[in-house]
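K.L.:
Residues per chain, in single letters:
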Amino acid sequence: MLLQQLINGIMLGSTYSLVAIGYTLIFGVLNVLHFAHGEVYMIGAFVGLEFALLTKMNILVTIIVAMCATGLLGVMIERGVIRLIKREYPLAPLSATIGLSVIFQEGITKIFGADTIGFPDTFQAQSFQFGDVSVDSTQVTILLVSFFLMATLTLFVKKTKSGKAIRAVAENPVTAQLLGVNIDRVTMLTFAISSALAGAAGVLVGLAYNAISPFMGIRMALLSFAIMLLGGLGNITGAMFGGLILGIVEVLSTVYFSSTYRDAFTFGTMIVILIFRPAGLFGTKLQKGR
Amino acid sequence: MFSEYTESLFIMAGINIILGFSFYFPRSAGMFSMAQGGFMAIGAFISAALTVKLGMPFYPALLIGGIVAGIVGVIAGFPALRIKGVYLLLLTLGISEVIRIFFLNFSYTGGVAGLGGIQLHTNLWNVYFTVAILVYFFHRLAPTRMGRAIAAIGEDEEAAEMMGIDLTVTKLQVFGISAAMSGLAGGFYAHYSLYITSDNFGVAKSLEILLPVLMGGTEVFWGAILGSFVTTFVPEWLRFIQPYRMMIFGFIIVVMMILRPQGLVDRSLVSSIGLRLRSIRLLWFPRPAP
Chain W
60 MLLQQLINGI MLGSTYSLVA IGYTLIFGVL NVLHFAHGEV YMIGAFVGLE
110 FALLTKMNIL VTIIVAMCAT GLLGVMIERG VIRLIKREYP LAPLSATIGL
160 SVIFQEGITK IFGADTIGFP DTFQAQSFQF GDVSVDSTQV TILLVSFFLM
210 ATLTLFVKKT KSGKAIRAVA ENPVTAQLLG VNIDRVTMLT FAISSALAGA
260 AGVLVGLAYN AISPFMGIRM ALLSFAIMLL GGLGNITGAM FGGLILGIVE
310 VLSTVYFSST YRDAFTFGTM IVILIFRPAG LFGTKLQKGR
Chain R
734 MFSEYTESLF IMAGINIILG FSFYFPRSAG MFSMAQGGFM AIGAFISAAL
784 TVKLGMPFYP ALLIGGIVAG IVGVIAGFPA LRIKGVYLLL LTLGISEVIR
834 IFFLNFSYTG GVAGLGGIQL HTNLWNVYFT VAILVYFFHR LAPTRMGRAI
884 AAIGEDEEAA EMMGIDLTVT KLQVFGISAA MSGLAGGFYA HYSLYITSDN
934 FGVAKSLEIL LPVLMGGTEV FWGAILGSFV TTFVPEWLRF IQPYRMMIFG
984 FIIVVMMILR PQGLVDRSLV SSIGLRLRSI RLLWFPRPAP
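Those protein sequences? They're chains W and R, same order as listed. Position one of the first sequence corresponds to residue 60 (the numbering used here), numbered consecutively onward. Position one of the second sequence corresponds to residue 734 (the numbering used here), numbered consecutively onward.
Quick caveat, the hints were computed from the structure, so don't treat them as lab data. Glycine included, C-beta positions come from ideal geometry on N, C-alpha and C.
Covered stretches of chain R (in silico footprint by chain W; criterion: 3 or more residues with CB under 8 Å from a CB of chain W, positions within the stretch not fixed):
hint	stretch
1	813-827
2	834-844
3	934-943
4	976-983
5	986-998
From just these sequences and the hints, can you work out the full model?
P.N.:
Laid out in structure tokens, this is it:
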């Protein structure tokens, strides 16, 4: 029973991690809370759904298409909005992204309606039984895809030149620029990667719960904030583990307490961490003015 | 005086102004609070429970709601003393959600079903009387010791502390007073919408409160007033394009943050209007030569 719930928690948590990594990347590079990121995740789910309904392709193709679409959307957000806002006003990008999430939510509601809809049955789920634990093929897909994406991202950020540039800008934008890093390019790349990850998470969550709605983005945005804090602002590895921890906490609190309290646990955790360990569980250095 | 429809818009705008003030006030002391939606829930549920369940008259109930929200605000202010910037934003966001989830589970005030059967007590007069009192309060506060202390903290916290300002006391006072304002607005809201559920409040509400203030500008309290009128009336004027009005509204916010990130009203605008008014007055009522 406990093992089963742990697996469910890790499955849920890995999708949280994907979205939260995006938040933490964008925050690290730009120092901006990107409220509309939850909406990007929601749009990923809808693009995936539409694509699956129209072409009846398999799930991997669907995820790749959704990732491309949201990646493009992320670049558009960065070039069309974030880059145009002056940096001297820390609240301006925040409110602009709130405006963006209003636009996205309303737009998707207009196109698809406000009701919750499910993915088609083409992705037949097979169940595997290991002793007491049953795992179906959907869960396996979710786990494999999200861990593959996280591993790729970690390698990318650690090993490639672009990845190092991202880390350099997150560390100190001025020095990075002096050393010849093209900040605009790095910012755009960050938005593309983060949004693509969120899109993948959207499809995976849609697949897991078979229910997507235009309003699924807000809760994910709030959870991602909590995860970001748990892992330490701007810390990618922290966001991965933070997502897994929150996923497990959520599943266990739903099973052993009551489902109406599950978010109270999440935000309670967040408040406690902010008070006692504002650098997050995995520690990043606190910067003045953040 | 007005048609019923216009009156309802003015009442909503008035409630939004009070909420806008409750956001502006901590902001002027350099604290970015997203907890107002939660404090508003406290004021709304407590005042409504007092009038509905205990048959208390409206005004005492409204005051008690405001006071309780203020007390919770002071308690919530303690952790807020240690952190700032994005951390404070996320902490207050968590507080807001925890309060909402508390009322979602609190059966005395209806729990999930919400609290109904509230009588209509809110009207143009009592809302705008409250707004007038608050404007008078801000106006009189500015030149006092506390007002100057708040402004100093908003400019530079460390410098203010060096000058002998008690950060703890001032910040807690500001947090408590602003929470009480949110509580009052919540009481008015409850006795106007006549039926409240916890879904009306929380972070979604905090974002709604945020928009008018950010639109109007956070430098002076006039920003909250103008912003509330704009965000209440513009979506109504856009009714002729009914299905797309919220999208266009979001678009306006984004464009405005690009073109005028400090908000519609800033300090220089207010002082230039003030100068002009003074020169007009001098033109018509010249002071006698000494």
